[in-house]
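Now for the letters of each chain:
Number of protein chains: 2
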Amino acid sequence: MKLKKYEKNPIIAPNPANAWENLVTCNPGVIYDDGRFYMLYRAAGDDKEHVIRLGLAVSENGFDFRRVGDSPVFGPSADGPDGGCVEDPRIVKFDNEFYITYAYRAHAPGQYWTFAHDVVRLPRCGAYAPAAMAQNLGNTGLAVTTDFRNFHRLGRLTSPVLDDRDVILFPEKIGGKFAMMHRPKQFVGEHYGVKYPSIWLKFSDDLLAWEDKPSHLLIAGREGTWEEKIGGSTPPILTEAGWLTLYHGVADGGTAEYRVGALLLDRENPLRVLARTPEPILEPEFFYETEGFYSHCVFPTGNVVVDGVLYVYYGGADKYVGVATCRLEELLNYLTEKCRCE
Amino acid sequence: MKLKKYEKNPIIAPNPANAWENLVTCNPGVIYDDGRFYMLYRAAGDDKEHVIRLGLAVSENGFDFRRVGDSPVFGPSADGPDGGCVEDPRIVKFDNEFYITYAYRAHAPGQYWTFAHDVVRLPRCGAYAPAAMAQNLGNTGLAVTTDFRNFHRLGRLTSPVLDDRDVILFPEKIGGKFAMMHRPKQFVGEHYGVKYPSIWLKFSDDLLAWEDKPSHLLIAGREGTWEEKIGGSTPPILTEAGWLTLYHGVADGGTAEYRVGALLLDRENPLRVLARTPEPILEPEFFYETEGFYSHCVFPTGNVVVDGVLYVYYGGADKYVGVATCRLEELLNYLTEKCRCE
Numbered sequence: 001m002k003l004k005k006y007e008k009n010p011i012i013a014p015n016p017a018n019a020w021e022n023l024v025t026c027n028p029g030v031i032y033d034d035g036r037f038y039m040l041y042r043a044a045g046d047d048k049e050h051v052i053r054l055g056l057a058v059s060e061n062g063f064d065f066r067r068v069g070d071s072p073v074f075g076p077s078a079d080g081p082d083g084g085c086v087e088d089p090r091i092v093k094f095d096n097e098f099y100i101t102y103a104y105r106a107h108a109p110g111q112y113w114t115f116a117h118d119v120v121r122l123p124r125c126g127a128y129a130p131a132a133m134a135q136n137l138g139n140t141g142l143a144v145t146t147d148f149r150n151f152h153r154l155g156r157l158t159s160p161v162l163d164d165r166d167v168i169l170f171p172e173k174i175g176g177k178f179a180m181m182h183r184p185k186q187f188v189g190e191h192y193g194v195k196y197p198s199i200w201l202k203f204s205d206d207l208l209a210w211e212d213k214p215s216h217l218l219i220a221g222r223e224g225t226w227e228e229k230i231g232g233s234t235p236p237i238l239t240e241a242g243w244l245t246l247y248h249g250v251a252d253g254g255t256a257e258y259r260v261g262a263l264l265l266d267r268e269n270p271l272r273v274l275a276r277t278p279e280p281i282l283e284p285e286f287f288y289e290t291e292g293f294y295s296h297c298v299f300p301t302g303n304v305v306v307d308g309v310l311y312v313y314y315g316g317a318d319k320y321v322g323v324a325t326c327r328l329e330e331l332l333n334y335l336t337e338k339c340r341c342e
Numbered sequence: 001m002k003l004k005k006y007e008k009n010p011i012i013a014p015n016p017a018n019a020w021e022n023l024v025t026c027n028p029g030v031i032y033d034d035g036r037f038y039m040l041y042r043a044a045g046d047d048k049e050h051v052i053r054l055g056l057a058v059s060e061n062g063f064d065f066r067r068v069g070d071s072p073v074f075g076p077s078a079d080g081p082d083g084g085c086v087e088d089p090r091i092v093k094f095d096n097e098f099y100i101t102y103a104y105r106a107h108a109p110g111q112y113w114t115f116a117h118d119v120v121r122l123p124r125c126g127a128y129a130p131a132a133m134a135q136n137l138g139n140t141g142l143a144v145t146t147d148f149r150n151f152h153r154l155g156r157l158t159s160p161v162l163d164d165r166d167v168i169l170f171p172e173k174i175g176g177k178f179a180m181m182h183r184p185k186q187f188v189g190e191h192y193g194v195k196y197p198s199i200w201l202k203f204s205d206d207l208l209a210w211e212d213k214p215s216h217l218l219i220a221g222r223e224g225t226w227e228e229k230i231g232g233s234t235p236p237i238l239t240e241a242g243w244l245t246l247y248h249g250v251a252d253g254g255t256a257e258y259r260v261g262a263l264l265l266d267r268e269n270p271l272r273v274l275a276r277t278p279e280p281i282l283e284p285e286f287f288y289e290t291e292g293f294y295s296h297c298v299f300p301t302g303n304v305v306v307d308g309v310l311y312v313y314y315g316g317a318d319k320y321v322g323v324a325t326c327r328l329e330e331l332l333n334y335l336t337e338k339c340r341c342e
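These protein sequence lines map, in sequence, to chains A and B.
No gaps in the numbering here: position 321 of the first sequence is 321 in full-length UniProt numbering, and each next residue is one more.
No gaps in the numbering here: position 285 of the second sequence is 285 in full-length UniProt numbering, and each next residue is one more.
It should be emphasised that the hints constitute simulated quantities derived from the structure, not laboratory data.
One should not assume that every hint holds.
One copy or two, it doesn't matter: identical chains are merged, so the pair holds either way.
[As the list claims (entries may be wrong)] The calculated SDA-like cross-link candidates involving lysine to any residue, where the alpha carbons are at most 25 Å apart (straight line), are: (1) K5 to D147; (2) K177 to D79; (3) K195 to E49; (4) K177 to G126; (5) K2 to A220; (6) K93 to R267; (7) K213 to R124; (8) K93 to G126; (9) K173 to V161; (10) K185 to R66; (11) K93 to C125; (12) K177 to T325; (13) K213 to V188; (14) K8 to R267; (15) K173 to T225; (16) K195 to Y334; (17) K185 to R340; (18) K2 to Q111.
Given only the sequences and the hints, what does the whole structure look like? Please build it.
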């Protein structure tokens with residue numbers, strides 16, 4: 001089972017007309033609301049600091065997106081914790097408000113593809129500066145909007161001493177609690193029972209209050225496979241069969257190809273994994289997935305179901321946006337019939 | 001033992017020339033550095049929202065302060081968690097950086113003196129909005145500066161589901177850990193062992209990471225006295241006798257007069273209270289303490305020791321700034337000789 005890539009991919013590519021997005025457009029959060037697909041895509045220009053912002057594009061059919069204006073709609077704060085970059089949005093809707101989880105750093109990361117693996121630019125600061133600043137850790141914040149033009153930052157969701165990204169909210173409460181996936185890089189080793197960064201799950205009564213809540217291991221990577229290091233990708237979709245969610249798996253402990261798998265989680269207890277794809281359902285093949293700032297990478301961050309079709313939006317090679325589709329039913333059947341756990 | 005009030009108090013009063021500070025100037029954070037006293041004072045104009053910002057004043061002698069410019073130096077963020085007001089700064093120095101804890105709200109509180117006790121303006125928001133937003137809770141953030149002109153917000157220090165203010169950092173590590181006092185309003189009742197909001201203490205390895213750390217009760221109020229509800233006031237001062245710190249006590253469960261007491265805490269284990277003043281060492285008497293937006297209130301937020309003199313800076317009636325002094329030795333002798341605990 002593979003998702004079907006759109007023949008006209010990429011659907012968003014760097015825009016030479018705008019300095020803030022002339023180098024990179026990737027990893028989009030997407031939501032369908034009131035007949036429209038709204039896409040917040042990660043964008044950067046060819047500046048040395050590699051400041052990262054979010055642009056907005058909309059579509060009526062899920063394939064043809066048009067940019068809304070010539071400016072980013074959401075960027076680093078002027079003097080706040082997320083002052084360096086804002087990345088990889090995931091969008092869910094509660095009541096009439098869209099909540100966006102996004103990774104950020106205190107300082108722009110620099111052109112990371114020119115550095116050694118996982119290295120980022122560090123700021124100058126005092127000897128007692130918090131780790132988030134001194135090490136320029138990747139944290140995750142929450143923002144809220146009703147119109148995708150005006151955003152209000154609500155603050156940090158993750159621990160300030162962890163590098164913790166790929167934070168994804170479930171779009172409904174489960175058993176009266178909010179739920180979220182996260183992927184702390186430091187949660188590895190004997191104490192954590194995993195060898196590489198993995199997907200963890202938390203529950204809370206409040207959309208902003210997660211830091212003091214226990215993390216439960218959802219799934220770990222599989223040694224020697226395409227998915228050694230893993231992380232959550234798209235907001236879970238509630239189906240009759242359970243919560244459907246996509247995740248990314250990276251070979252060689254997190255240093256090689258990025259591919260995509262799917263999970264089916266129990267509706268009432270999402271820690272119970274009902275099904276998991278043994279082989280990737282999406283992997284790098286085409287130029288927009290193999291040639292960029294992280295080559296050989298597909299990285300979904302948004303998914304939408306309209307008229308029984310699952311639309312999966314993903315970054316390609318940290319440079320482009322692509323879309324791939326399947327009948328939702330087909331993927332669910334594949335998961336329940338061929339990929340059952342136990 | 002009483003602190004001696006400066007005869008020319010108030011030393012800062014509302015400034016009719018500036019709209020942002022024409023109504024209120026109070027509760028100042030003060031630090032002495034390189035021969036100068038730096039004061040960040042809380043300021044507000046006569047706008048209905050009651051937006052609260054910080055102004056800067058400096059002094060060479062600790063009594064005569066001059067404002068630096070006609071603009072606030074630190075205000076609510078444009079679209080961040082502290083978008084409503086920033087209040088009651090406390091300043092400590094680590095290495096070459098000044099760290100400022102400050103209370104904030106998502107929305108400006110409104111003219112609270114015209115409302116019922118402890119009521120604040122609430123924003124319009126969705127049914128799932130976090131408590132910090134929906135209830136417009138008072139949280140505490142951390143900011144850093146090296147010059148008192150440029151500030152970088154590092155984020156929230158307190159739980160987003162608590163009203164938690166009067167957060168004060170110890171200016172040195174203790175036993176290898178950072179330490180802070182805080183005053184969560186909700187920590188009352190049988191489970192907490194206290195009837196009114198009290199002063200709690202936490203330890204951490206990181207200046208930004210407090211939310212998942214246990215809170216230890218430092219001191220509680222005393223029923224039927226001037227100090228039923230209490231909270232920390234000034235950054236602790238390390239002396240041979242122990243940590244000297246001032247706190248405020250409020251009568252009638254937190255609804256009446258604000259007065260000031262002093263504590264002496266063990267150098268190695270600040271949870272061990274060595275001495276506590278039975279009677280206030282500062283209380284409202286003069287017009288600048290009895291007539292304002294919270295009348296009958298003295299509220300210290302800064303203290304400095306220069307040449308053996310303790311300078312205590314305080315808000316008067318939520319409207320003015322005053323200073324009171326004593327010989328440091330005199331207060332320490334009083335504490336160790338007359339106010340010993342046990």
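Classify it for me, K177 with T325: is the Cα-Cα distance of at most 25 Å met within a copy, between copies, both or neither? neither (31 Å within a copy, 52 Å between copies)
Which holds for K8 with R267 at a C-alpha limit of 25 Å: within a copy, between copies, both or neither? Answer is neither: 35 Å inside a copy and 69 Å across each miss the 25 Å cutoff.
Tell me, please, which holds for K213 and R124 at an alpha-carbon limit of 25 Å: within, between, both or neither? neither (32 Å within a copy, 28 Å between copies)
Go through the copies and call it for K177 and G126: within, between, both or neither, with a Cα cutoff of 25 Å. between (40 Å within a copy, 17 Å between copies)
Please work out whether the CA atoms of K2 and A220 approach to 25 Å or closer within one copy, between two copies, in both situations, or in neither? within (22 Å within a copy, 63 Å between copies)
Could you figure out if K93 and C125 sit no more than 25 Å apart (CA to CA) within one copy, between two copies, both or neither? between (38 Å within a copy, 13 Å between copies)
Copy assignment of K2 with Q111, given that the CA separation must stay at most 25 Å: For K2 and Q111, the Cα distance exceeds 25 Å both inside one copy (33 Å) and across copies (60 Å).
At most 25 Å between C-alpha atoms: does K173 with T225 qualify within a copy, between copies, both, or neither? So K173 and T225 fail the 25 Å test inside a copy (34 Å) and across (46 Å) alike.
Checking an output row: K185 and R340, CA cutoff 25 Å. Within, between, both or neither? neither (28 Å within a copy, 49 Å between copies)
Within, between, both or neither, where K173 and V161 count as close if Cα-Cα is 25 Å or less: between (27 Å within a copy, 18 Å between copies)
State whether the alpha carbon distance between K213 and V188 is at most 25 Å within one copy, between copies, both, or neither. both (18 Å within a copy, 21 Å between copies)
Go through the copies and call it for K185 and R66: within, between, both or neither, with a Cα cutoff of 25 Å. neither (35 Å within a copy, 49 Å between copies)
Consistency with the previously given hints fails for numbers 1, 2, 3, 7, 10, 12, 14, 15, 16, 17, 18, ordered from lowest to highest.
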